[in-house]
Amino acid sequence: MASVSPSKEVRDEANKCVVELETFAIDNFESNRKLYSALKEVCAAPAYKAEYANGKAPRECTYWMEEQLADYRRKGMELPEEEFQKVVQLQKELASLCTVFQQNISEDKTEVYFSMDALKGVPESVLSGLPRTEAGECTLKMDYPTYHAVMKNCEVASTRQVMARAFTNRAYPANDKVLRDIIEKRHQLAVILGYPSFAHLYISDKMAKTPETAQVFVDELIPKVQKKWAAEAELLKKHLHPSCSLSPAGEVQAYDVPFMINQIKKTLLNVSETEIQEYFPMDATVKALFDIYQSFFDVTFLQVDNGSALWHSDTKTLVVKDNKSGCVLGYIILDLFPREGKYSHACCHSVVPPVLLNEGGNDFSPALAVVIANFPAATAERPALFLHDDVETFFHEFGHAIHSLMGRTRMATFAGTHVKRDFVELPSQMLEEWLWEPEILQSITSHYKTKEALPRALIDAKVASKNAFSGRDTLRQLQFATYSLQIFGLPFSTQPHDDLNTTQLFYDIEPRVMPGLSYDHNTHFESAFGHLTGYAAGYYGYMWSKVFALDLFEYIRSRNGLLDPKMGRHYINCIIGVGGSQDPNDMLTKFLGREPNNEAFLRNIGV
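In this text, residue positions in the sequence shown follow the numbering used here: the first is 467, and each later residue adds one.
The set of hints was computed from the structure by calculation and includes no laboratory data. Keep in mind the model is a prediction, meaning the values are calculated, not measured. Any given hint could be a false lead.
To be verified - Restricting the straight-line Cα-Cα distance to at most 30 Å, the calculated cross-link-like pairs of lysine-lysine (BS3-like) are:
1) Lys-482 to Lys-500
2) Lys-886 to Lys-522
3) Lys-522 to Lys-753
Said to hold, decoys possible - Pairwise CB distance ranges, derived in the manner of DEER restraints:
4) Leu-505 to His-997: 30 to 36 Å
5) Val-794 to Thr-679: 37 to 43 Å
6) Ser-473 to Lys-500: 38 to 44 Å
Yeah, the Cβ is synthetic: ideal placement off N, Cα and C, and Gly gets one too.
Starting from the given sequences, assemble the full structure and let the hints guide the process.
Right, here's the structure in full:
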């Protein structure tokens, strides 16, 4: 409710409850030394060793015990009492700070105002939905549909600059001190627990194990991708739009890049995103996307009419049934349109995990997941229409929801998406690749007026454009990955509180990772970088897991398995069906029949 309720009063109370629940969890579970002692005693008992050490018991149980004991040690269970209580207090303070950080982003009310002339090129479908001031100017909020519509289409450079600056100053200055407090307290926590930095603490139980390994992964990718980006940057300069100008150093303005890419796609690659958008009416597209999921995962979706009973009438609820067993896997609630105070990006919340009901049996309680997004809403002239990017986003987040329902494990703490954080994005990123297959694209498109599928010429052009600017897109992700590693790593996080210049750190990283652009230094991107709380130092996990995602996708596609329920069952059994109950490396090897590699990833991004 903190993310979605239309009532500010409810959101505020929900955020208070989040902090109270996290405090309760810290007091009763995460800092429960009696429970830790009991687990150690069990592990040391001869009966446990006789039953578990010789492989008689399910590996999931011993893996859980190993992971749980290691997690307790990371939380300071072996520390002297005084130091341990400092850890507990810091965890509580951080829970509160992280909630405030996210709340400031969601509650940000930044608006900018433009005349119609200043919005030249923005689609009429967007303009018609904008509120007007008494002076007749358009009011633009910082929701993603509005922001991207302006940045990709507006032909007035000053408007793009103002919009970009406003967007990258969301939650500033509200989150400036909050972020510095988070950095300082996370570093204090790590030092007490015996780690050089919070990045070391956070990544110690991930696939990468250390921030050094994660940074090497990122640093090895950067020069490979920079070569691709260099060619893209030259293309931007060669086809500079009349509204764009280079900096004195001959660099493209960073705020012009989305617009220039869109122009080049239209003029050189024959890809008009606004034209393609007409073939993605939301209701028909979502239904077609469900058909893909139903085929591959061998499930059935049934819609329940209960939106009025939930927090907003826009919501839709799905019942998900497994075709093989006939059982209800769970429920997925969709909340897809923007509104004031709502979480401003896209995400999936795993609200209730599937829980084993009978020891020794195979009956689970239904799970519940909520998909939150902010897609363009319907207007008086036409229904809600997806951009292709929106279709990818929906498929991605719905992939998390399916993972939440299908990760059915004996131990609830392993259920659903409770996997290593640098592995959790694999299933959803893999599923995005379905939407670049010509046959799939044709099957899910239907013009909102004529009902015709997207013409093959447009499909071919769209698919051919996939890697046109993959260098830029990948380096942008690597900028974020580098920032999240460094802001919680060494030496940055060791500085005194007032010296933590989180803005300058990002200014320094931007040109180092993606040179050739002129960056605006009147921004505070980090204040609205919501991943800094949940993902902390682990944003690299998006790229890390994408390497594996593309390896799996090529394996499935090469065996004609994109709509094959047998392949889907193999994927469920090896990957998402086991939740976090196995080491991710073992899951991947079992599915592929070999060690994973990055060859498919590099091919996919055109490097």
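Evaluation of the provided hints:
1. Lys-482 to Lys-500: holds (28 Å)
2. Lys-886 to Lys-522: holds (26 Å)
3. Lys-522 to Lys-753: Violated, at about 46 Å.
4. Leu-505 to His-997: 30 to 36 Å: With Cβ atoms ~32 Å apart, the hint holds.
5. Val-794 to Thr-679: 37 to 43 Å: holds (41 Å)
6. Ser-473 to Lys-500: 38 to 44 Å: holds (40 Å)
Checked against the numbered hints given earlier, the structure breaks only hint 3 and satisfies all the rest.
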